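Engineer: The lines below spell out each chain.
Number of protein chains: 2
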Amino acid sequence: MNPVFDLLNAHRSIRKFTSQDIAEDLLHAIVSAGQSAATSSFLQGCTVIRVRNPESRRTLARLAGNQPYVESAAEFLVLCADLKRPGNACTQLGKEFVGDCTEHFIIATVDVALMAQTMVVAAESAGLGICYIGGLRNNPREVSDLLQLPGGVYPVFGLCLGYPDQNPERKPRLPLAVVLKDEVYNEVGDVQRIAAYDEQVREYYRQRTGGGLGQSWSEQVAGLLSEKARPHMRGFLAEQGFTLR
Amino acid sequence: MNPVFDLLNAHRSIRKFTSQDIAEDLLHAIVSAGQSAATSSFLQGCTVIRVRNPESRRTLARLAGNQPYVESAAEFLVLCADLKRPGNACTQLGKEFVGDCTEHFIIATVDVALMAQTMVVAAESAGLGICYIGGLRNNPREVSDLLQLPGGVYPVFGLCLGYPDQNPERKPRLPLAVVLKDEVYNEVGDVQRIAAYDEQVREYYRQRTGGGLGQSWSEQVAGLLSEKARPHMRGFLAEQGFTLR
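Going down the list, the sequences are from chains B and U. In case it helps, the working numbering puts the first sequence at residues 266 to 510. In case it helps, the working numbering puts the second sequence at residues 266 to 510.
One should not assume that every hint holds.
If several chains are the same, the list does not tell them apart, and a pair holds so long as it fits within one copy or across any two.
[Said to hold, decoys possible] With a straight-line cut-off of 27 Å between C-alpha atoms, the simulated DSSO-like cross-links for lysine-lysine are:
hint, residue 1, residue 2
1, K360, K281
2, K493, K436
3, K360, K493
Source of the hints: derived by calculation from the structure; they are not laboratory data. Bear in mind the structure is a predicted one, so any value in this text is a computation, not a measurement.
Assemble the whole structure, with the sequences as input and the hints as a guide.
Structural biologist: Okay, here's the thing in structure tokens:
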């Protein structure tokens, strides 16, 4: 279509970075570009915390489940959903703050993701590689304490940025026909499509690991969904003021 | 920095479209590009429903709070968080489905936003304009019934796509120093920064409406956060299997 499509289609997570720094003005331009993303009701509900302190980085790498690239990436950003900042406006204007509905949580979380993904596209267009770090939600209380996050703010995910020192293959995605539906939700033909896709993914992992059984997409996601995931999140969010009522 | 930054920085929502259709292969390329976005645990938790039926479009425009561009845009897509598709893998592999944690909800919702924003960048690079439609969450039950969404699936937002028939100004964003913090969350100096920004936003609205008082950012977001937002969402999500435990 055009070079932007090529850029987007070439995305893969990078977990090994050179020691090259990211220029200060490039980093600022990336975050600025992220701010241009759409934001629900003009909330701008994302705050980015840039962590450079080596000890903090080491701690975050551990809290994220021992992901060394959190420590070694040129930059590590924590993207937070922030209802405190707009909530301050309520106090200031003498209004009650009622920002703890499930809907407010959705708005702020989506705001963060839209801004983050825009930053990612900007970064990749400048030759950087990135890796999202959802693992921060393994220990959100400790992460929040370290970053001094007040009520109304929670860490949605981290983002490693740096110049790639690896060139992994793009992981194959579900067939378009599985993901794009006409008029209504339907699964006609998807069993067959997903079975074929499962073999494609299995082969991808086989080649990356030098043989073995590989793992299909179905096997991988069934693992995720057949166990409780981060069951502490509900309680943690309530502590931070996101009661999800 | 480079033309991609210019593209990202130029974003503004488009609510008036020409009658020009979007070529089928372009639409497919946009959704495909979206699939390249990062996805948590390889879940690929987004299903896109393309609504072309004029009666459905009219209904959705009404359900979104009377937004006529939902009806008039060349394309209207509903982006759904989908835990049913990966959940099917549990059933198939003889595992219990335990996908109703708050964390699963976050993963799927973030997946949708990352994919959507990637589609948006692709679309805008091809000269299209877009508008997110969070208003679908005004009436999520009716939207879900119309689109025959099964349990495990919910409509996060809609997306209008088409060739722009207007050229609105970009809305000014918060100063970078307010949004990007070093090492820890802090608000030092933000009161002054936001006060200056409030006047900038007020002026933006004044110029668009030809005078009057305008509205500051603080006034706008205080309105959003001083009232319950879509209080039906919690119950609706539970009905769809997202118990957020």
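Engineer: For each hint, tell me whether it holds in the structure or not.
Structural biologist: Here's how the hints hold up against the structure:
| no. | hint | verdict |
| --- | --- | --- |
| 1 | K360 <-> K281 | neither (48 Å within a copy, 35 Å between copies) |
| 2 | K493 <-> K436 | within (26 Å within a copy, 41 Å between copies) |
| 3 | K360 <-> K493 | between (39 Å within a copy, 13 Å between copies) |
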